[in-house]
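If you read the protein sequences in the order shown, they are chains Z and B. Every number in our numbering is 72 more than the matching position in the first sequence, counting from 1. Every number in our numbering is 72 more than the matching position in the second sequence, counting from 1.
Just so you know, the hints here were simulated from the structure itself, not pulled from any lab data. Treat the hints with care, since some could be wrong.
Unchecked claim - Which bits of chain Z does chain B cover? Going by a derived footprint, with three or more residues having C-beta under 8 Å, they are:
hint, region
1, 99 to 111
2, 330 to 344
3, 367 to 377
To be verified - Lysine-lysine pairs mimicking DSS-like chemistry, simulated, CA-CA at most 30 Å apart:
hint, chain 1, residue 1, chain 2, residue 2
4, B, 363, B, 409
5, B, 146, B, 230
6, B, 192, Z, 192
7, Z, 387, B, 387
8, B, 79, Z, 167
9, B, 387, Z, 192
The beta-carbon is built from N, C-alpha and C at its ideal position, and this holds for glycine as well.
2 protein chains.
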Amino acid sequence: MKERVRKLFERLETPVDALVVANSVEPHLDQSFFYLFDVPSGLFEGSVLVARPDGRIDLLTSPLEAQTAEEAAKGDTSITVHRVERDGTEAQLGKILDGATTVGLNFAELTHGWFTHLEKLRPGTTWVDVSAPIRKVRAVKDREEVERLRRAAEIGSKVGVEIPTLLRRGMTELELAAEIEYRMNRHGASGRSFATIVAFGPHGAEPHYSPGEARLAAGDSIVCDYGAFFRRYASDITRSFHFGRPDPEMHRVHDIVERAQQAALAAVRPGVPGKEVHLAAQRVIDDSPYKGRLIHGVGHTIGLAVHDGWGYNAKVDEPIEEGMVLTVEPGIYLPGKGGVRIEDDIVVTRSGYEMLSTAPRGYLEVAA
Amino acid sequence: MKERVRKLFERLETPVDALVVANSVEPHLDQSFFYLFDVPSGLFEGSVLVARPDGRIDLLTSPLEAQTAEEAAKGDTSITVHRVERDGTEAQLGKILDGATTVGLNFAELTHGWFTHLEKLRPGTTWVDVSAPIRKVRAVKDREEVERLRRAAEIGSKVGVEIPTLLRRGMTELELAAEIEYRMNRHGASGRSFATIVAFGPHGAEPHYSPGEARLAAGDSIVCDYGAFFRRYASDITRSFHFGRPDPEMHRVHDIVERAQQAALAAVRPGVPGKEVHLAAQRVIDDSPYKGRLIHGVGHTIGLAVHDGWGYNAKVDEPIEEGMVLTVEPGIYLPGKGGVRIEDDIVVTRSGYEMLSTAPRGYLEVAA
Numbered sequence: 073m074k075e076r077v078r079k080l081f082e083r084l085e086t087p088v089d090a091l092v093v094a095n096s097v098e099p100h101l102d103q104s105f106f107y108l109f110d111v112p113s114g115l116f117e118g119s120v121l122v123a124r125p126d127g128r129i130d131l132l133t134s135p136l137e138a139q140t141a142e143e144a145a146k147g148d149t150s151i152t153v154h155r156v157e158r159d160g161t162e163a164q165l166g167k168i169l170d171g172a173t174t175v176g177l178n179f180a181e182l183t184h185g186w187f188t189h190l191e192k193l194r195p196g197t198t199w200v201d202v203s204a205p206i207r208k209v210r211a212v213k214d215r216e217e218v219e220r221l222r223r224a225a226e227i228g229s230k231v232g233v234e235i236p237t238l239l240r241r242g243m244t245e246l247e248l249a250a251e252i253e254y255r256m257n258r259h260g261a262s263g264r265s266f267a268t269i270v271a272f273g274p275h276g277a278e279p280h281y282s283p284g285e286a287r288l289a290a291g292d293s294i295v296c297d298y299g300a301f302f303r304r305y306a307s308d309i310t311r312s313f314h315f316g317r318p319d320p321e322m323h324r325v326h327d328i329v330e331r332a333q334q335a336a337l338a339a340v341r342p343g344v345p346g347k348e349v350h351l352a353a354q355r356v357i358d359d360s361p362y363k364g365r366l367i368h369g370v371g372h373t374i375g376l377a378v379h380d381g382w383g384y385n386a387k388v389d390e391p392i393e394e395g396m397v398l399t400v401e402p403g404i405y406l407p408g409k410g411g412v413r414i415e416d417d418i419v420v421t422r423s424g425y426e427m428l429s430t431a432p433r434g435y436l437e438v439a440a
Numbered sequence: 073m074k075e076r077v078r079k080l081f082e083r084l085e086t087p088v089d090a091l092v093v094a095n096s097v098e099p100h101l102d103q104s105f106f107y108l109f110d111v112p113s114g115l116f117e118g119s120v121l122v123a124r125p126d127g128r129i130d131l132l133t134s135p136l137e138a139q140t141a142e143e144a145a146k147g148d149t150s151i152t153v154h155r156v157e158r159d160g161t162e163a164q165l166g167k168i169l170d171g172a173t174t175v176g177l178n179f180a181e182l183t184h185g186w187f188t189h190l191e192k193l194r195p196g197t198t199w200v201d202v203s204a205p206i207r208k209v210r211a212v213k214d215r216e217e218v219e220r221l222r223r224a225a226e227i228g229s230k231v232g233v234e235i236p237t238l239l240r241r242g243m244t245e246l247e248l249a250a251e252i253e254y255r256m257n258r259h260g261a262s263g264r265s266f267a268t269i270v271a272f273g274p275h276g277a278e279p280h281y282s283p284g285e286a287r288l289a290a291g292d293s294i295v296c297d298y299g300a301f302f303r304r305y306a307s308d309i310t311r312s313f314h315f316g317r318p319d320p321e322m323h324r325v326h327d328i329v330e331r332a333q334q335a336a337l338a339a340v341r342p343g344v345p346g347k348e349v350h351l352a353a354q355r356v357i358d359d360s361p362y363k364g365r366l367i368h369g370v371g372h373t374i375g376l377a378v379h380d381g382w383g384y385n386a387k388v389d390e391p392i393e394e395g396m397v398l399t400v401e402p403g404i405y406l407p408g409k410g411g412v413r414i415e416d417d418i419v420v421t422r423s424g425y426e427m428l429s430t431a432p433r434g435y436l437e438v439a440a
């Protein structure tokens, strides 16, 4: 992981003697920990990683996960694993930081509580916020990361193909969500990357709806937004279906969303400001009878977390870069009626993009 | 939720004009947000909650979840939902905090990044760390919370009964984990409360092992540690099994762990320092041939997160209180051979405890 550490230090505007990534208790774990230390499993609550400009890493971990950490570090002489009891972590960290006067921290994922501990532990230290460079470095994926993201997207795509076969009149949203998650796991996911959204009928009008006891009825539109973790990397896919007698309006809406997604995809290439991707989709929707019905940004970078880096809305100047992996997910939301969203994961290439998710995107009308 | 807000303000040692709970991006969401605002679903990234000593709540949420928030707040005049775009949140928050000079923050779950934003937004404010009182208030559950925790534990118990029927020679750990999670969801969970641990054979020696491609073979011991979320509340259950020809040593180990759990449970009652519960289990194990093989604290409080409040090890003086919900989970770990852990969820009653998880605890030897 020396390579990732070095890449990060090169990006820093203010040089630091060391970078500290400190985990708290789940869910407050800094995902950069797992970027800099590629360990396939383990929770690592309370663990701390100290990285140096030369690529060296000191890792402080409790006996609970020490074996996992030692196995992951095996053969990599740049990583030193320290097995410490949780309440001995700070003392050990103090020793490791001896001599470091300027220390980088990931303000975006460090708890303020940890920060106050660090201040007490190493008074006089200059703490530098390195969350911006961390975000930048993490947004551009290396080959290994793209492979994992591809696997995560493939798992989601397989399930996307299966969803139409799972639909049964009277099934609840929660039941369909359970099937989707089960199938992702059976296809090799280590779990869902976020709480699966299954929205029947009018529920589809709310982008972040959570599935409940609503039962599938003929005439319902269906939005399924779900994703898998594969070796800590996430996918995020949405497919919209229709159950029972086709609804000409929803079909038209789906066509517009498809066109909006195509327009957004066509705008993707290195150097383009993120907002251009959003605006390309928004223009299609705003030129349709559904003006104003795209109520969220059209996508976001994805990686060790499902929202990992940037969201792309009409205001983001940050450029798209080669190697970024992002979602493209326009939607139209009709309160009281339903919604349609289509979401795919792509990797940005030198001249455009490559699709990572491959499930068919057409509007599937499934007989009730 | 006025009641919870009031309870929290009563606990504060330093009076504050307002309490701010600010969410970042998943996974960095402050679980106290969902304690103070009981909303069944929704992610609420970037949302902010401002609570007042009189029980009033201002809730700033993006259009993505505004509808969910408004429905949850319906009929509760103490809650005002503000629909704001993400980049308008800080300005709106500044207005709401106008006049508040002393503001409480949950340092334990607030990101340091959010803290620096708040400092800029409201210079001159005195920020008070209220994470200790929040932890205390959240640790003692009200009736509604106990009911959800009971449901979460019941879901886990149902699956605990089913696990022996799922075991097949040659199945992988990941396959068994997928079955466990699927069944929890089918029994009504909204998802797993943490990444399921399934450890075959020697893998059971590592408490935080993550399931992989290892295949179940005759003679393997099996540790399954899993839990469900039910309306945001977690369960956490471990059962240990044996596959194939009984292994007299592992059976003996299981008996000792059972006795250790019984001893720990017998120590539970209001007023007892947490360490006493741990030490009761540790004594049983240290008096056996497996001295020193309990390598973690014997339990932890549980609630909106799986590790929610305290872990109980040999050093915790914090007393057990009536209404706390906690796990009791001694284990013995034998490197190279395997492990046994038994974990249940209990609610502390006036005179002792009540079991929330009910799956049989005996050592199940399943024919291969």
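Hints versus structure:
| no. | hint | in the structure |
| --- | --- | --- |
| 1 | 99 to 111 | holds (count 4) |
| 2 | 330 to 344 | violated (count 0) |
| 3 | 367 to 377 | holds (count 3) |
| 4 | 363/B with 409/B | holds (16 Å) |
| 5 | 146/B with 230/B | violated (34 Å) |
| 6 | 192/B with 192/Z | holds (22 Å) |
| 7 | 387/Z with 387/B | violated (51 Å) |
| 8 | 79/B with 167/Z | violated (41 Å) |
| 9 | 387/B with 192/Z | holds (22 Å) |
The structure is inconsistent with the numbered hints 2, 5, 7 and 8, although it conforms to all the rest.
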